[in-house]
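In the numbering used here, the protein residues as written are 1 to 118.
Hint data in this document are derived by calculation from the structure and do not stem from the laboratory.
Don't take every hint at face value.
As the list claims (entries may be wrong) - Label pairs and their in silico Cβ distance ranges:
{"#": "1", "residue 1": "Lys23", "residue 2": "Ala51", "range": "46 to 54 Å"}
{"#": "2", "residue 1": "Lys101", "residue 2": "Leu73", "range": "27 to 35 Å"}
{"#": "3", "residue 1": "Val31", "residue 2": "Asn107", "range": "49 to 57 Å"}
{"#": "4", "residue 1": "Asn107", "residue 2": "Arg5", "range": "57 to 65 Å"}
{"#": "5", "residue 1": "Gln42", "residue 2": "Asn18", "range": "46 to 54 Å"}
{"#": "6", "residue 1": "Pro4", "residue 2": "Pro100", "range": "52 to 60 Å"}
{"#": "7", "residue 1": "Leu76", "residue 2": "Glu33", "range": "55 to 63 Å"}
Small disclaimer: the values here were computed from a predicted structure and weren't measured.
Don't be surprised by glycine CBs; every beta carbon is placed ideally from N, CA and C.
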Amino acid sequence: MSVPRSLAVYRQLLREVNTQYTKGANNPTFVKELKSIYRNNQKIQDPSKIAALNINAENVLTFLTSSRKHKELRALYSAIVMEQKRRIELSANRVGLNLPKMYDPENPAPLTKEEPTV
């Protein structure tokens, strides 16, 4: 793996850790730990060890990104949190349908029929 790719993974890891842990909890511990790990391994010369560390960093990045996206999707589509009407609407939209307007007995609206234009 090239040095620019390693730096890109490092920056992405920092962004992901900041998004998930530092900003939410206002706790810089994870960022400090990540920076110290990279600083401690900065002078390694063995190509196989460097490659193993880079693969490990990419795996951690994939895990962090996937867990964040999973959390977002669960919040969006969770049956517990979502009300029944919204869940039905999303299901209909998923297959390309739109729900009809529901009748409101407190505010009835007249049925309108569009006149064909000539």
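Now the hints, each set against the structure:
1. Look at Lys23 against Ala51: about 32 Å separates their beta carbons, and that is not inside 46 to 54 Å.
2. In this structure the hint that Lys101 and Leu73 lie 27 to 35 Å apart at CB holds, the actual value being about 28 Å.
3. Range check, Val31 to Asn107: Cβ separation about 53 Å, and the 49 to 57 Å hint holds.
4. Remark: the range hint 57 to 65 Å for Asn107 to Arg5 is upheld by a beta-carbon distance near 60 Å.
5. Distance hint for Gln42 and Asn18: a CB-CB separation of about 21 Å, inconsistent with the stated range 46 to 54 Å.
6. A C-beta distance of roughly 54 Å is found between Pro4 and Pro100, which places it inside the suggested range of 52 to 60 Å.
7. A C-beta distance of roughly 31 Å is found between Leu76 and Glu33, which places it outside the suggested range of 55 to 63 Å.
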